[in-house]
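Protein chains: 2
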Amino acid sequence: MNRNLTVRPDRIAADIEALARLTEPDRPWTRRAFTPRFLDGRTYLEAAMRAAGLEPRLDAGGNLIGRRKGRAGSGKALVVGSHSDTVPDGGRFDGIAGVVAGLEIARALADRGIELEHNFEVIDCLAEEVSLYGVSCIGSRAIAGTLPADWLRREADGRTLADGIATVGGAPSDLASARRDDIAAFLELHIEQGPILQAEARNLGVVTAIAGITRIEIEVHGRADHAGTTPMHARSDALTAAAAIVAWIDLMAKARAATAATTGHFAATVGEFRIEPNAANVVPSYARLLVDARAEKRAEMEGFLTDLDAYLAATFPGAGGPSATTRRVSDNHPTPSDPAVLATIEEAADAVGVSHRRMASGAGHDMAWFARIAPAAMVFVPCRDGRSHCPEEWAEPEAIALGTEVLLQTLLRLDRGALDEFAHHDGRS
Amino acid sequence: MNRNLTVRPDRIAADIEALARLTEPDRPWTRRAFTPRFLDGRTYLEAAMRAAGLEPRLDAGGNLIGRRKGRAGSGKALVVGSHSDTVPDGGRFDGIAGVVAGLEIARALADRGIELEHNFEVIDCLAEEVSLYGVSCIGSRAIAGTLPADWLRREADGRTLADGIATVGGAPSDLASARRDDIAAFLELHIEQGPILQAEARNLGVVTAIAGITRIEIEVHGRADHAGTTPMHARSDALTAAAAIVAWIDLMAKARAATAATTGHFAATVGEFRIEPNAANVVPSYARLLVDARAEKRAEMEGFLTDLDAYLAATFPGAGGPSATTRRVSDNHPTPSDPAVLATIEEAADAVGVSHRRMASGAGHDMAWFARIAPAAMVFVPCRDGRSHCPEEWAEPEAIALGTEVLLQTLLRLDRGALDEFAHHDGRS
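Heads up: the protein sequence lines correspond to chains A and B, in order. Quick note: the first sequence uses the working numbering, first residue 1, plus one each step. Quick note: the second sequence uses the working numbering, first residue 1, plus one each step.
Think of the hints as simulated: they come from the structure by calculation, not from any bench. All residues carry an ideal CB built from backbone N, CA and C; glycine is no exception. One or more of the hints may lead you astray.
For lysine to any residue, the following SDA-like pairs were computed, each having C-alpha atoms within a straight-line distance of at most 25 Å [unchecked claim]:
#1 B/Lys254 x A/Ala313
#2 B/Lys254 x A/Pro317
#3 A/Lys254 x B/Ala279
#4 A/Lys254 x B/Lys254
A short, non-exhaustive set of chain B residues, derived as facing chain A with CB atoms under 10 Å [what the hints assert, rightly or not]:
#5 Gly194
#6 Glu219
#7 Thr230
Build the full structure now, drawing on both the sequences and the hints.
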């Protein structure tokens with residue numbers, strides 16, 4: 001790589017390595033939110049923020065925020081953020097790369113003595129991953145003002161989520177104070193967690209939207225019969241019905257994914273599957289499937305859900321044969337990136353000279369919550385073989401540095417009023 | 001029902017009712033082998049044998065044998081048998097109906113003062129159902145001399161199977177003495193445990209063979225990927241592969257079952273099925289299926305197994321996509337009924353005037369073990385909706401009585417030399 005970067009890959013690599021060492025020793029790489037290891041990570045990040053010229057503080061939601069004042073003083077903030085917690089047996093880059101990118105941008109600004117108009121912040125959002133409390137994005141939800149109050153009473157290991165937030169230094173009784181209305185723009189860098197950038201040998205993914213996620217539980221009821229004595233034609237086998245449903249979902253998802261160029265990212269997965277009684281010599285009487293469907297465009301999701309219900313009703317009416325019922329377990333709409341920030345990122349990427357493509361994020365990210373209160377967008381950097389949430393997760397420091405450079409150049413454009421310009425050209429006031 | 005029967009439905013109903021009362025009180029109908037309840041049942045049966053003119057004894061294999069001496073004195077025995085143990089939450093008829101049929105035949109012979117040439121025996125075989133020791137047909141295997149010696153060391157609840165056999169009064173150290181070579185013919189009556197006789201409104205099934213049972217474990221290996229970020233076309237989903245295998249097995253089994261008139265009973269069931277990691281947002285990396293295949297004719301089973309291996313090898317070669325491997329967990333060949341006994345049963349059924357049809361038994365029975373040492377056959381009586389191994393299991397006492405009458409008339413024919421006659425016509429010596 002021969003580019004003349006403002007940011008330094010070696011410092012990015014050093015941060016990532018230092019944080020990787022702060023893992024549960026018996027199961028690398030594990031630094032779950034609310035654990036002593038997580039607090040070790042926060043201690044490292046706080047020191048790194050200070051060294052990068054950022055003034056660290058904790059907000060009521062337990063987010064670690066490092067700030068560098070802008071020339072405008074009390075103006076709005078340009079924010080780069082992600083999260084430093086991991087899943088169990090997770091990786092060294094998911095979330096972490098984005099926080100480290102923020103640190104490196106702060107250092108690069110300091111190196112060059114660049115002063116911004118806006119305040120600049122790096123935020124390590126609390127508990128983006130599903131933590132022991134069974135929920136995700138605690139910190140970014142708090143900043144968006146959308147953390148459900150009853151979640152604070154969720155319990156794990158005899159402590160509530162409120163206790164957990166207090167442990168990391170947050171103020172659960174004053175949660176409303178975490179809500180922000182002073183963010184000029186939010187940027188997040190993240191590893192792709194998929195194989196596309198590597199396969200296409202591109203430096204950067206410019207994320208157009210975070211896909212909506214709908215989870216559908218399907219229950220199939222058949223009849224338990226003796227596997228030896230019940231003729232094939234006289235059965236009501238819940239497993240063969242469920243197998244047909246799995247095949248249908250896969251076919252339909254592939255059909256929708258095949259038109260992604262016009263209809264956006266689509267995927268559907270049956271991730272959970274079990275049968276009853278699950279005995280060698282008994283025809284299965286029951287099957288439960290949990291479908292995880294993701295769509296960049298809400299209309300695609302609506303179409304899939306309508307088709308699914310129609311298919312199940314027509315194919316498994318239950319008169320003598322198996323019946324199937326569905327329940328929508330959760331249903332989150334897609335979050336589009338801000339078009340002005342998106343355009344600014346693409347300008348910056350062209351200026352830096354990295355190859356890039358637009359793509360949707362199939363996974364959820366803190367960005368989705370910031371998008372509720374500010375113009376927000378994110379970039380993906382390539383990772384090895386698309387592996388993520390596993391110890392093999394890997395991204396090259398040089399690849400992260402390229403993405404970081406694009407964010408820095410985006411930031412400078414935004415600071416100089418790129419959003420206002422865009423609004424002007426776009427006819428927005 | 002207006003037939004003039006030698007046997008009495010009321011006495012059959014009374015025995016079944018009396019045994020039904022000897023159940024674990026909190027989960028009717030449960031009388032598992034080796035439990036105190038089972039011994040209560042044995043106490044009842046021993047008294048009932050004596051009352052029916054049978055001399056009870058326990059053999060080394062823990063079988064309860066009631067004998068009525070024949071005129072020939074030390075000659076061979078005609079045996080009617082089944083089992084009095086149940087599965088957990090089982091029924092009142094599975095096995096029990098066959099033991100009670102034997103008792104009623106003894107009573108009918110006594111009522112009419114009929115003396116047989118042969119000795120006559122009713123055998124309550126020990127532990128036909130899978131007991132707490134995880135294996136089945138303990139007693140009938142002992143009589144056939146095929147109980148594996150190492151099974152005696154199997155443990156459950158801190159006791160060995162040898163201890164269990166001793167508990168019921170058997171002599172595990174002298175197991176060889178249970179082996180019989182003096183059985184002239186073995187007859188078993190059993191509920192069908194399937195829906196065919198009821199659907200066709202027939203009184204009796206004349207069992208041509210006990211189907212062979214082959215259990216095949218199929219393991220599918222794919223790759224765990226993020227359900228949100230991995231495009232549909234880039235996956236190696238073990239569940240969609242396993243679902244296709246389930247569908248293939250069902251289709252192939254239905255095709256073979258459709259030609260049952262010429263190729264015999266065939267059924268295949270995927271009874272056990274699980275996936276890993278079984279997490280909502282992860283593409284399944286692994287699936288395990290357990291196939292239970294049953295065939296009246298060995299050639300059909302061989303054909304199915306060959307087809308299955310060819311299908312899996314062709315469809316899941318594993319190059320990038322999922323791979324599938326099979327392991328034969330168990331493989332028992334079919335047991336045909338003795339043709340002479342079968343023909344005699346059909347003559348008797350015609351004489352009694354019951355409607356009957358030939359059919360295979362999809363389930364295993366004690367008869368399969370007796371068939372190794374003696375001419376053996378069995379009959380099925382209809383049961384309600386084919387339900388079995390469940391509390392709803394039901395057969396009408398009148399239906400059992402008709403089957404019992406046929407067995408009695410078969411026995412009288414066999415006693416008068418029907419087997420010799422058949423051998424003569426058949427050209428056998």
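Comparing the hints with the structure gives:
Restraint check: the Cα-Cα separation between lysine 254 of chain B and alanine 313 of chain A comes to about 24 Å, which is no more than 25 Å; the hinted pair holds. With a CA separation close to 21 Å, the supplied pair lysine 254 of chain B and proline 317 of chain A stays within the 25 Å bound. Of the supplied pair hints, the one linking lysine 254 of chain A and alanine 279 of chain B holds, its CA atoms being roughly 21 Å apart against a limit of 25 Å. A distance of roughly 29 Å separates the Cα atoms of lysine 254 of chain A and lysine 254 of chain B; the hinted pair therefore is violated under the 25 Å criterion.
Residue-level restraint check for glycine 194 of chain B holds (minimum Cβ-Cβ distance to chain A is 4 Å; threshold 10 Å). The criterion of a C-beta within 10 Å of any C-beta in chain A is not met by glutamate 219 of chain B, whose closest approach is roughly 15 Å, and the hint is violated. Checking threonine 230 of chain B against chain A by beta carbon gives a least distance of about 6 Å; that is within 10 Å, so the hint holds.
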